[in-house]
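Undergrad: If you want the building blocks of each chain, they are given just below.
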Amino acid sequence: MAMLTYLDAIRLAMKDEMERDENVFVLGEDVGLKGGVFGTTKGLHAQFGDDRVMDTPLAESAISGVAIGAAMYGMRPIAEMQYSDFMLPATNQIISEAAKIRYRSNNDWTCPLVVRAPIGGGVFGGLYHSQCPESIFFGTPGLKIVVPSTPYDAKGLLIAAIRDLDPVLYFEHKKCYRMITGEVPDEDYIVPIGKADVKRDGTDITVITYGLTVHFALQAAEELAKDGINALILDLRTLQPLDRDAILEAVKKTGKVLILHEDNKTGGVGAEVAAIIAEELMYDLDAPIMRLCGYDVPAMPISPPLEKFYMLNAEKVQEAMLQLARY
Amino acid sequence: MAMLTYLDAIRLAMKDEMERDENVFVLGEDVGLKGGVFGTTKGLHAQFGDDRVMDTPLAESAISGVAIGAAMYGMRPIAEMQYSDFMLPATNQIISEAAKIRYRSNNDWTCPLVVRAPIGGGVFGGLYHSQCPESIFFGTPGLKIVVPSTPYDAKGLLIAAIRDLDPVLYFEHKKCYRMITGEVPDEDYIVPIGKADVKRDGTDITVITYGLTVHFALQAAEELAKDGINALILDLRTLQPLDRDAILEAVKKTGKVLILHEDNKTGGVGAEVAAIIAEELMYDLDAPIMRLCGYDVPAMPISPPLEKFYMLNAEKVQEAMLQLARY
Amino acid sequence: MVIAQLTKHRQLGLSDEQVIEMYRTMMLARKFDERGLILQRAGKINFHVSGIGQEAAQVGAAFALEKQKDYFLPYYRDYALVLSIGMTVKDLMLAIFAKAEDPNSGGRQMPGHFGYKKHHIVTGSSPVTTQVPHAVGFALAAKLKKQNFVSFVTFGDGSSNQGDFHEGCNFAGVHKLPVIFMCENNQYAISVPYHKQVGCARIADRAIGYGFPGVAVDGNDVLEMYRVVKEARERAIRGEGPTLIEAIVYRVSPHSTSDDDMAYRTKEEVDMHIQNDGIPKFRAYLEEIGVWNEQKEAAMQQAIAQEIKEATEYGDKAPFPTPESTLRHVYAEEGDI
Amino acid sequence: MVIAQLTKHRQLGLSDEQVIEMYRTMMLARKFDERGLILQRAGKINFHVSGIGQEAAQVGAAFALEKQKDYFLPYYRDYALVLSIGMTVKDLMLAIFAKAEDPNSGGRQMPGHFGYKKHHIVTGSSPVTTQVPHAVGFALAAKLKKQNFVSFVTFGDGSSNQGDFHEGCNFAGVHKLPVIFMCENNQYAISVPYHKQVGCARIADRAIGYGFPGVAVDGNDVLEMYRVVKEARERAIRGEGPTLIEAIVYRVSPHSTSDDDMAYRTKEEVDMHIQNDGIPKFRAYLEEIGVWNEQKEAAMQQAIAQEIKEATEYGDKAPFPTPESTLRHVYAEEGDI
Ligand SMILES: Cc1ncc(C[n+]2csc(CCOP(=O)(O)OP(=O)(O)O)c2C)c(N)n1
Ligand SMILES: Cc1ncc(C[n+]2csc(CCOP(=O)(O)OP(=O)(O)O)c2C)c(N)n1
Ligand SMILES: [Mg+2]
Ligand SMILES: [Mg+2]
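Chains as they are written, first to last, in this note's numbering: chain A, 1138 to 1464; chain B, 1138 to 1464; chain C, 51 to 387; chain D, 51 to 387.
Keep in mind that the hints were calculated from the coordinates and are not lab data. Treat the hints with care, since some could be wrong.
[What the hints assert, rightly or not] PhoX-like cross-link-like pairs, simulated, lysine-lysine; straight-line CA separation at most 25 Å: (1) 81(C) x 346(C); (2) 1402(A) x 1152(B); (3) 1152(A) x 149(C); (4) 1179(A) x 195(C); (5) 193(C) x 246(D); (6) 1445(A) x 196(D); (7) 246(C) x 1179(B); (8) 317(D) x 195(C); (9) 246(C) x 193(D); (10) 226(C) x 246(C); (11) 1152(B) x 193(C); (12) 1332(A) x 1179(B); (13) 1445(B) x 317(C); (14) 81(C) x 1179(B); (15) 196(D) x 246(C); (16) 1152(B) x 196(D); (17) 1179(A) x 94(D); (18) 246(C) x 1179(A); (19) 1389(A) x 1402(B); (20) 367(C) x 58(C); (21) 1445(A) x 149(D); (22) 196(C) x 346(D); (23) 119(D) x 246(C); (24) 1445(B) x 331(C); (25) 1389(B) x 1402(A); (26) 58(C) x 1152(A); (27) 367(C) x 1445(B).
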């Protein structure tokens, strides 16, 4: 066990997997000498060289498209999108190609690809360095989507993604990179894709969330515990395929649910989670299904008071949880 | 009043608006001499010439990007995507640009653009000529999204979209083009964006849907009426912004709701509709919120038995409605 | 051996048997294609997209490459190409009838959407030009794994205006990857003629913008196509990077069975181009050098007719996939590797 | 007038007043830029992206175009460009302090994301190269509405590898639209040097693939930039179509205040290029031809320092937007047109 930052856990996962399997390689903008604009590939270029830690031209459709070709050949590419905001030029390659290769070839060809992309705001990045693109790709069958909240999950999910036989979108929250540290095993392990995780058990209300907001929920839960309100915090970890059983079990346990995410509310992952609950547990609910999400604006502005207004935080989450508990 | 096909209604809307406003023009692949691969622009080239009915190079990002530039200047472009499946190369221009121009410029610049794209299957088009892309763009603030089901709505919504001050995605269902005919006023009218429409009133169950499946629901409702089951059919018409009030009212009226769409279930528009209902009407519901949607597979295959298996139809819808009524 | 010295194909290192096989393959593709059109008109299949007029370019290229070693990323008109590298008419018939046994997609995709891992034919989709970056990815794998294969990708003239063409070519140019880009310039993108589609006179010239050679070739000259692609392959294997080849052809058929081309071009124009058909030209060459004659032609035609007849019957009778199979292979299943 | 005959700027049709104004604008941009870096280090602002070393290219181009008539689609290093066409240092300061009064975005966007309809400066985003098709759209509007303006768009060397560059250029080439594409080739895309980024030796050569002229220019030579852009504008207005201009410059600063460039290049390399700075070169020219001297320089420097000081104070003190304003202008509001 070692205490690592979320960022180091991501880097270590790539390092370990590249040492284990020579088919694994990283490509993206500035991933080489610079080690990535956030430092997630620092040191990898020195260890593995130009070919396996490859600086690419500034062209996301090519980064993903070339990675798809290499994956079909049998490589295990990790394609880094510098910011998830800049992943959209690659949408066609990801949704029309990566997601459909196994299906359209009737299982003859496969695309074991990982696309890593930093998401989220609160970093004074303005409209285009702060977005959460989950809802664009969510609901595309053929893709898997994961979003770790802790260093343990970050490493375990990335290793699982690299070893997965299908394309996986790996969204990492910028704000967690250096802010979140935690224990990470030294030995080889994975966090299985498709399994949510109860980050805090509780009896009164259930919060279902993922990514940065997991931490807001946990902080809020500690505060509320002082007033005897016991919150269960379920970290989805995998957005696609959703862990239906874990969601239903977590809701059954308390009968009250708050769905929480930074991505804007309308059409977000939370809508599907709410729909699943409404389909299955109507009569187990003691309160309406509540959602606390980003505002429905194109993206968060950079001006400090506006970013603060947009971003969720422990206080806003606590308030919503309290409201639900009091319902 | 004239009896028109859905396809003619679309063409007439463009013709009338181009006659009314010289800033309106159409651009896209094969929209000129050929009149579009489905014939939606037939005759327009002859009437308005090369410049206003413009064949473009085979490049969707340019079609939308050039249209965005022209719209910012003050033109009213109608950009045709030959199939919505081929709209994905334009995702970055649509989501990063069109949707954010007003917001990011703090209301200084605007983007009054219409993007028309044929959606849906049942036409032996295989994976890439049958898709419903709504869920990719749904939930992107700054965009409006409409999907007509009748000739009346097709013309009225397209005219409203062309006159709208913001970017509108106009999705037309291929299967409706020639199959659906109806009365269309000769005089100028619009169907307001953001307003759903009760296509059939009822008291026992509510079906919320849009596009082709509206017709399946209506046929099924007629059958069920024979057994004394009275279904209310709400046609959303506009997916973004959703007509919250109409949705809630329609559900209140019967207490039982089936959400129906051809797009695959997970992460579809239906999830948001279900979430809204679960948020607001928990205690007015006499049955769990039910969804009947496309399967969660990458896209429908072309082989006839497979396409038939994937596609919804009046029978499948009737069965679901009956199940809900019996609940 | 005097003659031999003089024949172009021998100078190119092609045996008489090989050129005859090339001729047969072009004819086989043509006959399959014509049958496809008939089957569609007869209502036996819903759709056919034709490669008539592009066979010489495809066969010339295919024979310059190494089957089962190089990787092929064809586009929807490449019947002659895939027939040259292992696909059979039976395979193609199973595809156009959308039957379970179709090796391309198990009847899931439209005709012309090729894929067959056994033959290194990479699965393709409908959105044009997405295969170009994929081909670059295969070439990158060759470099990373130090394998001496090349990847070969085709696309149309209109498709060369997609961003993926530019991004893929530049990536390959920067890293000098062993990939051959072949544009089959048939002068139209559905109804849009070349001059309304492409800003420059020759698509081959676009290679200048990526730092590698671009060559325009008469796509009706099968031996010239062979020569140019062979050279490109040798360059690639020597580590000298990509080549862009523009095969100048003409789309003789309408865009597809859904298209009425008389809405945007004249019969005269089409007829004029039919004169340049590469198949009779090549037959004339073979007869001129004495390796072909009436009898051989008749025998071959009969064999081809038989092969197509059997394949058609097989494809027609073969079972459809089961409806529930629609739900399979979205993700790896237990036991998939 | 003997001298006059000889001075390059007069031959180009520029008056002494104009070249002095060009020099002042270059210097103003440089000083604003240096202040931005200081403010960021001082923690007064979060982020600054610098255009140091690209001022001559931008000013030379801007002065060859028509303010408030042509449409400008700048990229994030174009401070000197926007200052040449109506933006003030005060406007820029309001932007870097992200204040409500910022005309670019009301404090919503990062610094360097320009937009000001009054001055025909078209709103820009962060995803690179999306502005290229937009510029083509403005040029298309000029053609459709028979207006005699041109659109002018800039972008970096790395950005010229995006699909939108290719698609936009080809569209403009096919329709011979009045647009000028200017690539500010500063040799790097963040840490990636030109040779790992672009497959060909000269980005200007890519114009061949779109059927219009491409010209590479020394971006430190403000008068040469002026000449080339002026010519391009005249071609565009005559209906002869687009021009691609490659301004060869060097990115003197790190990519942004978040970047440590010493991780991927050496101080020696940077220092060497600082020698070619276009600003002192231009000052030398002005002194040589006798329109400039020490005193004038001192006076100008003082005026600029004063202007920047006042703008900084104004920007610093100006109010932020209200938090709730976050929710506004997603769609047109009552009364918007
Ligand atoms: C991205 C995309 N846009 C549009 C289409 C529809 N479409 C299919 S083929 C075609 C024309 C292709 O022309 P070209 O590239 O010249 O190839 P050709 O058909 O002439 O061989 C079009 C527009 C598509 N398949 N993909
Ligand atoms: C589509 C997209 N991908 C990635 C980025 C992140 N990014 C910002 S600037 C930059 C480098 C741009 O290089 P270049 O085009 O040469 O312009 P320069 O910054 O050198 O002036 C990158 C990769 C982006 N803004 N947009
Ligand atoms: Mg063509
Ligand atoms: Mg640069």
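Undergrad: Indicate, hint by hint, whether the structure satisfies it.
TA: Outcome of the hint check:
1. Restraint check for residue 81(C) and residue 346(C): the C-alpha separation of about 17 Å stays at or below 25 Å, so the hint holds.
2. Simply put, residue 1402(A) and residue 1152(B) have alpha-carbon atoms about 38 Å apart, too far for the 25 Å limit, and the pair is violated.
3. Between the alpha carbons of residue 1152(A) and residue 149(C) the distance comes to roughly 45 Å, so the proposed pair goes past 25 Å and is violated.
4. Under the criterion of a C-alpha separation no larger than 25 Å, the hint pairing residue 1179(A) with residue 195(C) is consistent with the structure, at around 24 Å.
5. Under the criterion of a C-alpha separation no larger than 25 Å, the hint pairing residue 193(C) with residue 246(D) is consistent with the structure, at around 16 Å.
6. Between residue 1445(A) and residue 196(D), the direct Cα distance comes to roughly 47 Å. Violation of the 25 Å bound is thereby established for this hinted pair.
7. In summary, the hint linking residue 246(C) to residue 1179(B) is supported, as the alpha carbons are separated by about 19 Å, within the 25 Å threshold.
8. Distance hint between residue 317(D) and residue 195(C) is unfulfilled; the C-alpha atoms sit about 36 Å from each other, more than 25 Å.
9. The straight-line distance between the Cα atoms of residue 246(C) and residue 193(D) is roughly 16 Å, inside the 25 Å bound, and the hint therefore holds.
10. Of the pairs offered as hints, the one joining residue 226(C) and residue 246(C) is violated, with about 32 Å between alpha carbons and a cut-off of 25 Å exceeded.
11. Simply put, residue 1152(B) and residue 193(C) have alpha-carbon atoms about 55 Å apart, too far for the 25 Å limit, and the pair is violated.
12. Between residue 1332(A) and residue 1179(B), the direct Cα distance comes to roughly 53 Å. Violation of the 25 Å bound is thereby established for this hinted pair.
13. A threshold of 25 Å between alpha carbons decides the hint, and for residue 1445(B) with residue 317(C) the separation of about 39 Å lies outside it, so the pair is violated.
14. At most 25 Å may separate the alpha-carbon atoms for a hinted pair to count; residue 81(C) and residue 1179(B) exceed this at roughly 34 Å.
15. Of the pairs offered as hints, the one joining residue 196(D) and residue 246(C) holds, with about 20 Å between alpha carbons and a cut-off of 25 Å not exceeded.
16. A distance of roughly 22 Å separates the Cα atoms of residue 1152(B) and residue 196(D); the hinted pair therefore holds under the 25 Å criterion.
17. This hinted pair does not check out: residue 1179(A) and residue 94(D) have alpha carbons roughly 29 Å apart, beyond 25 Å.
18. With a C-alpha separation of about 48 Å, the suggested pair residue 246(C) and residue 1179(A) falls outside the 25 Å cut-off, and the hint is violated.
19. A distance of roughly 23 Å separates the Cα atoms of residue 1389(A) and residue 1402(B); the hinted pair therefore holds under the 25 Å criterion.
20. Pair hint residue 367(C) plus residue 58(C) does not hold up; C-alpha atoms about 44 Å apart against a cutoff of 25 Å.
21. A C-alpha spacing of about 15 Å is found between residue 1445(A) and residue 149(D), which places the hinted pair at or below 25 Å, so the restraint holds.
22. Taken as a hint, the residue 196(C) and residue 346(D) pair is broken in the structure, with Cα atoms around 65 Å apart against an allowance of 25 Å.
23. Simply put, residue 119(D) and residue 246(C) have alpha-carbon atoms about 29 Å apart, too far for the 25 Å limit, and the pair is violated.
24. Under the criterion of a C-alpha separation no larger than 25 Å, the hint pairing residue 1445(B) with residue 331(C) is inconsistent with the structure, at around 46 Å.
25. As the CA atoms of residue 1389(B) and residue 1402(A) are separated by approximately 23 Å, the hinted pair is consistent with the 25 Å bound.
26. Between residue 58(C) and residue 1152(A), the direct Cα distance comes to roughly 55 Å. Violation of the 25 Å bound is thereby established for this hinted pair.
27. Taking the CA atoms of residue 367(C) and residue 1445(B), the gap is about 20 Å. The hint holds against a cut of 25 Å.
Comparing the model with each numbered hint stated earlier shows that hints 2, 3, 6, 8, 10, 11, 12, 13, 14, 17, 18, 20, 22, 23, 24 and 26 do not hold.
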